[in-house]
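Place chains B, C and D on chain A using the hints.
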Amino acid sequence: MGENIFVGIATWLRDVMSSAGVPDLWNDTILMLVKLVTVLVFVMLNFMVLNYMERRIAGFIQSRRGPNRVGPHGLLQPLADIGKMLGKELYIPKSVDKIVFLLMPTLIFVPPFLIFAVLPLGKNMAAIDMNIGVFYMFAIASLSTIILWGAGWSSNNKYSLIGSMRAVAQMVSYELPLILSLLGVIMITGTLNMSSIVEAQNNIWFVFTQPIAFLIYFIAGIAETNRTPFCLVEGESEIIAGPYTEYSGMTYAMFPLAEFVSMIIISAMSTIVFLGGWLAPFGWTFIPSWLWFFLKMYVMIFIFMWVRWTYPRIRVDQLMGFNWKVLVPLALANIFITGVGMYVFRAIGWWS
Amino acid sequence: MFGQGLLKGLQVTWGRMLSKKQTVEYPDEHIEMFPRFHGRFELDVDKCIACGLCANACPNKVIQIEKEKVDKKQYLTRYMMRIEYCLFCGLCVESCNKDALKFSNVIDMNQYRRSWVRLTLVDRPAPEPTETPEEETSAKAAKDEAAAGSTPGKEG
Amino acid sequence: MKTETYTLNLGPQHPSTHGVFRIILELDGETVVKATPVPGYLHRGIEKLAEARTYTQVIPYTDRMDYMAAMLMNWGYVAAVEKLMGIEVPERVEYIRVIVGELSRIASHQIAIGAMGGDIGALTAFTYTFRDREYVIDLLEMVSGSRMTFSYFRIGGVAADLPDEFFPATRKLLNEIPAMCDEYDDLVTGNEIFQARTKQVGIITPEMGINYSLSGPTLRGSGVNYDLRKARPYSIYDRFDFEVPLGTNGDCFDRFRIRIDEIRQSKRIIEQALDQIPEGPIMAKVPKVIKPPAGDAYAEIESSKGVYGAYVVSDGSPKPYRVHFRRPSFINLGYLGELCEGWKLADVIAILASIDIVLGEVDC
Amino acid sequence: MADCNITSELVEAVKARFSGIEIQENNDVTVPAGDLIPFMTEIKENPDYAMDYLTNLTAADYEDRLEMVYNLASITHGYTLTVKVKLEDKENPQVPSLCPVWGGANWQERETYDLMGIVFTGYPGHPTRILLDDNYKGYPLRKDYQWEGGREA
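Protein chains in written order, with our numbering: chain A, 1 to 352; chain B, 353 to 508; chain C, 509 to 872; chain D, 873 to 1025.
In isolation and in its complexed conformation, chain A is listed as follows (with noise of 0.2 Å):
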C-alpha cells in the first residue's frame, strides 16, 4: 500500500480529472503542476526539517540543547526562524547594483528546484524521468556559481568579493572531482538516467564496488555545497559572510536556504548513485521505498552535519592543491581502474 502511495495518488487524480471530461492535454498540463507544486513544498519541509536538525546537531554536538522553545522539543523554531527573518528590515545598501543584488537572491533557488525534477524520490517517484538526468543535474547546479559570484559582486563590498571569487574558484573546480567520481558508476551501469542507475544497484550498492569514487563524491559534495572543512566561500570568522555579507532579512535567508537545498541534492545523488537509492537492504521491503531513500538520504545529511560541527576550515591555496593534486588524479585512477576493471571482468566473462 505505502509503496506507491504517490504514484496512486497521480493516478487517482488524472482518473477524477478524465473522468471529469477534463481534455488529455489539460490533464498532463494540470498534473505537472501539481507535480512541480509538490516538489516546491517538500523542498521548503525539507528545508525546515534540515534547519531544525541543523541546529539541533549543532547543539548536541558542543554539549547544548539546541532550539528547544518553540513549540515541543523545540519543533516550531525553523517557523520562528521564517518569521523573524520575514520580519526583518530589507536593507540594501547605497552603493550596490541594485538590479543584480536583488536578482540574485532569487535567482539562487532555481537550480536547485530544476534539479529536485529529475530526483527519482522513490520507486516511480521522479517528477521527470529524464534519460540525461545526471547530465542534466549537473548542468543546472553549475548555474548557482555564477549566482554566488553575482551577489558578491554586486555587493560592492571587498568581503562579499573574496567570498565570491572564492566561490567561483572552489565550485568550478570541485565540479571536475565530482562529475568524474560519478563516471565510474555511469562506465558500469551505461546510463544517465537515475533510476536506471538505480535498478542496477539491484545486487549491490555502488558504495561497495566504487569505494573511492564515493569518497571523492563525498568531499566533493561537502566543497559543492560550501560547508566546512570547505566553508570558504562564508568563511565566517575571516570574510564575516562572504558573498552574503551586505544582505539582511529574507534575501540573506535565501542563501542558506539554497545551500541546505543543495544539501538535500547532494546527498540525494549520493543515495541515488552509491547507496542503492529507493532499494531496500536486506529485503526490507515492507518499509516503502521512499521511505528508504529519505532514511539513506537523512543519514548522508547527518554526516555532512556531523563533520560540519568537528573540523576546522582549510585554507584557500590548500583548498585548491587539494583539489588538483589529489582529488583529479585519484578520481581519474578510479575510471582507469574502473575501465580496466570492466575489460577484465568481461573478459572472464564475470559481467556482461
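Keep in mind that the hints are not guaranteed to be accurate.
[Stated by the list, open to error] A few chain D positions that, by computed beta-carbon distances, are all more than 10 Å from chain C:
{"#": "1", "residue": "G892"}
{"#": "2", "residue": "P910"}
{"#": "3", "residue": "F911"}
{"#": "4", "residue": "E914"}
{"#": "5", "residue": "Q966"}
{"#": "6", "residue": "P996"}
{"#": "7", "residue": "G1021"}
[Unchecked claim] Stretch by stretch, here's where chain C covers chain A in the computed footprint (C-beta under 8 Å, at least three residues):
{"#": "8", "stretch": "62-70"}
{"#": "9", "stretch": "215-227"}
{"#": "10", "stretch": "238-250"}
These are calculated hints, taken from the structure and not from any lab test.
We put the CB at the ideal spot given by N, CA and C, even for glycine.
What follows is chains B, C and D alone, placed relative to chain A:
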C-alpha cells in the same frame, strides 16, 4: 597515518553528542549562587549609620548618600546607587564597618530602560525631631555635600 | 600581467579580531602585501583614571585590562605597590595568590585555545573550552564572588580567605583537567586540517621574538625559555616543581600547543600549592590609608599572555602619581604587522589568534 | 620577590665607560639623553651584561622634568636593570628613539608619544598616535592636561 586525527575528532564529537548536556535552562532552572556572589546590593537600614565610608571607598562614585541630622544622630534619608557605573568590585561592602551594606544572591538586575537601572536602597523622609535645632538647614546642606563623596569634580 | 593590490579593512568590527581591533591589509589577491595594525578602539585611559583614585581603588580597573585572566592583572599591580611600600606578604597569601593566579591562567588559556580553534573554523572547540572554563570560573567565583572581574587582590593580601569548600572542589576539577586537555588535543591539535592551517605559518624566530620584546607563549613558542616563574621566580614560584613548555618552530601550531601544555603545568603547580598551603593571616600589616613613600617601583609577573608589569610612581599622597602597565598583549601585537606579510588572508586570522590578545589589555 | 637586579659591580663597570651616568642606590641608572643609544647598544651587545630584552618603556611627568623609564632584562643572565633619562625641557621633550636597537621599542614609543608627548628622534618616520585619534589635541598623561566633561559635567 594521515586521517587518524580526523577520525579521532569525529569520535570526540560523537561521544559528546550522546553525553549529558551542559545547558542550564535558565528561567526554569536556577543555579545556586555561591555565598560570596556579587549580586544586587542590600542595605540593612537599621545598621547603617550613614557614615559615608562606602561612598568614599567606591572607585567610580556610584554611591550617593543623603542624610539629615535628627537629635544629634545622622539619619539616612536616601541611599542611591548608580548601578550603571558600578564595577561590582566589592570595595564598598568591604569598607562597611557596621556590616550594613551587603551583596545578595539576586542576579536579575536587568531593566528595560537605562534610567530604571539606578538602585535606590533607601528613600524616606527624616522623622520629626523631638527638639528643634535652629541651624538644621545649614547643617544639612553642608552634610549633603560631604556625603556625596568628594565634590563632583572632573572625572578621572 | 599587471595587477593592482587593494586595501581591506579587517575590523574594527570583525568576528576574529577578538574585540575592536583593526588591521589595514594591503592584499594582492588573498596574499598580504602589507599589514598595519591599528589599536586604540577600546582605550579607556586606565593609566589616567588611576591617578584620580586611591591605591586600592585602582585594583578594580586592572581587572578590566585582561579580563580573561583578571586575577593575574590584579597581582601585577598589587606586587608593584607592595614593592614600593616594602610590604612582606604573609605565606598563606602567597599560596592563595598562586592558586587563584594559576586557575586564572588556566581559564585564560582555555579561551585562547577555543578562540583559536574557532577562528580556524572549528566552532565546537570554542564551545568545549568555554564549557570547561565555566568550572574554573566557578572556583574563582567561590573565592571572590565575581565570575570575570574578580578584584580579589588587596595591597598586602587578598580580600577574603579561601572558603572551606574550595579545596575539595579544586581537587575535583584538577583531576578532570588532563581529560579536558586530552579532549582539546583529540579534537583540535591532532586534527590534520588544523595542523595544515597552522604548522609553518607565521613563524617567529627566537631572535626576532626577543628583539620585539615578545613574551609569554608567543615567545616560548619559538623556543626561548623565558618564563618569569622560572627565570626570576617571583612570589613563591621557586618552591614548585613544574616545567616550561617550549616550542621548536615558532609557528602558530607551537604557540597553540604550548598553551595546552601550560594548562597541564598549572595543574601541577596548583596541586603542590594545595598540599603546601599553611594556615595564617590573609593580610599583611598595612596601614588603613595606603600611602607609599615617594619613589617608584616596577614589578612584573608572568601573566597568561606574557610579561605583565606595573610601574607605579608615588609622591607620598594616597593616590598614585603615575601608573603604567606593561601589557603583554600590546607589545606582542607590535610585531603583528611584520609577521603577517606574505601570508594569506586566512593566515592573518590564525596568526592573530595564536598571539592571543585581549583588546582590553592592548588598549588599556 | 627575589631581588634580580643587576649586580653593583657590573653597573660600576658601565659607569667607567660612560662618565655622564648616575647610579642610584637601588642600581637604577640615569643616563643623559645624548648617551642613551651608545649606552643601550653597549649593554645589549656586550656579553658581560647581555641586556637583550627591552621589557618596558614608559615615561613619567614630574614637576620639573619628564622622565623616561626603560626596564631592561637579560634573558641570558636573568637579571634586570632600570635605566632612566631625565628630560628637563618640558615644552619640547626629545629623546633618541630606541627603535634601531630594539624592535619592541616601536609601539611602546608610539604609546609614550601618544599619551605623554615625548618626541623620539630617529624614529622611523614621525611617531604617530597609536591609542588616541590622530586629530587628538594634547597629551593626556601630562599632569597639566585639562579635560572638561565626563559624567559629572
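**Report entry** Nearest-CB test (10 Å) between chain C and F911/D
**Finding:** holds, 18 Å
**Report entry** Beyond 10 Å from each Cβ of chain C, as asserted for E914/D
**Finding:** Label holds. Min Cβ-Cβ 17 Å, cutoff 10 Å.
**Report entry** Closest CB of chain C to the CB of G892/D still more than 10 Å away
**Finding:** Non-interface label on G892/D holds, nearest chain C Cβ at 21 Å vs cutoff 10 Å.
Query raised in the report: Against chain C, does G1021/D keep a CB gap of more than 10 Å to every residue?
Result: holds, 13 Å
Query - chain C covers the stretch 215-227 of chain A, three or more CB atoms within 8 Å, holds or violated - result: Since three or more residues must qualify, the claim that chain C covers the stretch 215-227 of chain A is violated, with 0 doing so at under 8 Å.
**Report entry** Within 8 Å of chain C's CB atoms, at least three CB atoms from the stretch 238-250 of chain A: coverage verdict
**Finding:** Since three or more residues must qualify, the claim that chain C covers the stretch 238-250 of chain A holds, with 3 doing so at under 8 Å.
Requested in this report: Compute the least Cβ-Cβ separation between Q966/D and chain C, then decide whether it is above 10 Å.
Outcome: About 20 Å separates Q966/D from the closest Cβ of chain C, which puts it past 10 Å; holds.
Requested in this report: Mind verifying the non-interface call on P910/D? Its CB should be farther than 10 Å from each CB in chain C.
Outcome: holds, 19 Å
Query - Residues of the stretch 62-70 of chain A with Cβ under 8 Å from chain C, three needed, outcome - result: holds (count 3)
**Report entry** Beyond 10 Å from each Cβ of chain C, as asserted for P996/D
**Finding:** holds, 12 Å
Of the numbered hints stated above, the single one contradicted by the structure is hint 9.
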